[in-house]
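In case you want the letters, here they are:
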Amino acid sequence: MDLRVEFAGLVLKNPIITASGTFGFGLEFSSFGDLKRLGGIVVKGLSLKPREGNAMPRIVETPCGMLNAIGIQNPGVEAFLKDKLPLLPWRETAIIANLYACSVEEFGDLAGVLSGEEGVAALEVNVSCPNVTHGGAAFGQDPAQITKATEAVKKRCGNKPVIVKLSPNVTDIAVCARAAEAGGADALSLINTLLGMAVDIKTRKPVLANVVGGLSGPAIKPVALRCVYQACRAVGIPVVGIGGIASAEDALEFITVGATAVEVGTANFLRPDQSFRIIDDLPRAMLKARAADMAELRGSLVLPGQ
Amino acid sequence: MVVRNCREVKVQSVRFLGTWDEASDFVELTLENPGWESYRPGQFAMLRPKHWGLELPWGRPFSISRLDAETLTVFFQVIGRGTSRLARLNPGDEVVVWGPLGNGFSAPPETPTLLLAGGMGIAPFRGYIENHPTPEFLRLFFAHRVPLANYPYLAMAEKVRAEAMQEHTPEDLPRIIERIRELMDENHGGIALACGPTPFMRTIQEHAVAGGLRAELSLEKSMACGVGACLGCVCKNGEGKHVQVCARGPVFQADAVQL
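Those protein sequences? They're chains A and B, same order as listed.
If you count the first sequence from 1, position 213 lands on 223 in my numbering, and the numbers rise without skipping.
If you count the second sequence from 1, position 137 lands on 199 in my numbering, and the numbers rise without skipping.
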């Protein structure tokens, strides 16, 4: 069965991409599956300078999910290009760099560093950083800032497709989706984590050192699906669905509401070969959905009364 | 080179080593060998029963207690939601296992080697003793709170020179610390390997660093991936940089980690 998907100038073998922060730099998983079989790999969030990230504890398991507050610990974009990218099978699978910055200028600079790199297939822009220069509200919650950050990346990215990754912690996801489209985004990916919290009643302290963290995993899938559905109706650019996808059936739900591809995140922790197993399972799930190919399934949602 | 993999294997046995009270059980879980030819003692495995649904999304990390041609054994105490479910596994149940993970302890031959185990920290030393090229150079010290029958100690004490001290009261603690220091001093020129609760490890680290003694510490953290990807299990290395316990450890040189 032909599982290929094409969007924003990318041609993927299948619609299964591993999500940023859950698959390291890919190399950590090379003994559990052939990385070349993945539709794509979004690497750990990259910043201009190395970041040590937050204090411990950083993660906690929650019912059907987890909270994390890693704080974008990463070796910096230069170390990624020098030490990690050459080891990745970038000729065979799309390596997508995830950009993390706290100002519009930094986003532009990061895009500039990556623009000439042959091994980088696309840029995913993480607009969820608390923006200190704009009163602490996260970038991703301010449509005007989303547009500006997108424009800054588009200006410096060369010919790399730009995917803007949206936060669900907003009143209206459609407004944010349109803001990214207005900034020139080639595609959107959503959702990032939902802001959450856990408390240890014995110590009466927050479990996470950062107090709050991002909720991910199957627990958030219904929210993610609703956001992807709304975003797909709001914009004309392709959408990559993210949020709690743990099976081939989950992936097809997102494609049915309009996603072109999906990212698998927390499910990579169920077992390290889970993304490969989802790919193996896609043809069976496609038969179940009576879909001939991905293009036919995409956005084929049948609404009440249709 | 030890090759890691991810396999579904069957439970062979679940053995309870003794019960301290109704809330805490000590379990020796034996699974089919997942196709591992060898491992380095001190390495660990991630376990997640196949029938677990999505409620507990993470596997659970355990030091490899024993590995032979047919079986893999881990030893754990029932503490939380994961371990209480693992203790209820039955022979024939399938478990997803990935490993062997992490770096493992040094095992220099013909070197006086002091094994310092605190409570559940005894788990990796069972396989260490069984795999060591010159076990006559090993000496085991075991500090514990619950009775010895809850641990695989006696089987280990048959193979190497061993002693155990139980902490019954707070007054026992300084005596245990003093004994650890004595043993480390006697072992000068050799190596000390430690696994146990953080205060126990701090005692060993402080004494090793102060005396310039060679020591390795095996750390325990809760983990999501076990392979170095999620960055949820970091500690600080000697330079104060965050490093993954799962991938850069779990064994660290005593002077190269902050506890």
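Derived from the structure by calculation, the hints contain no laboratory data.
Don't be surprised by glycine CBs; every beta carbon is placed ideally from N, CA and C.
There may be inaccurate statements among the hints.
[As the list claims (entries may be wrong)] Far from chain B, some chain A residues (derived; all Cβ distances over 10 Å):
(1) 14
(2) 31
(3) 75
[To be verified] Some, not all, of what chain A presents toward chain B, calculated at C-beta under 10 Å:
(4) 32
(5) 66
(6) 139
(7) 169
(8) 182
(9) 185
Interface hint status, residue 185 of chain A versus chain B (Cβ within 10 Å):
Violated, because the Cβ-Cβ distance from residue 185 of chain A to chain B comes to roughly 31 Å (cut-off 10 Å).
Is the interface hint for residue 139 of chain A satisfied, with its Cβ closer than 10 Å to some Cβ of chain B?
Violated, because the Cβ-Cβ distance from residue 139 of chain A to chain B comes to roughly 17 Å (cut-off 10 Å).
Interface-negative label, residue 75 of chain A against chain B, beta-carbon threshold 10 Å:
Its Cβ does come within 10 Å of chain B, the nearest being 7 Å, so this is violated.
The hint names residue 182 of chain A as touching chain B; please verify it with the least Cβ-Cβ distance against 10 Å.
violated (29 Å)
Interface hint check: residue 66 of chain A, Cβ to nearest Cβ on chain B, cutoff 10 Å. Holds or violated?
With Cβ-Cβ at 6 Å, under 10 Å, it holds.
When you look at the beta carbon of residue 14 of chain A, is every beta carbon of chain B farther off than 10 Å?
holds (27 Å)
Min Cβ distance, residue 32 of chain A to chain B: is it shorter than 10 Å?
Residue 32 of chain A check passes; min Cβ-Cβ to chain B is 7 Å, inside 10 Å.
Taking the closest pair, is the beta carbon of residue 31 of chain A still more than 10 Å from chain B?
Violated: least Cβ distance 7 Å, not greater than 10 Å.
Does residue 169 of chain A hold up as a contact with chain B if the rule is Cβ-Cβ below 10 Å?
violated (30 Å)
Comparing the model with each numbered hint stated earlier shows that hints 2, 3, 6, 7, 8 and 9 do not hold.
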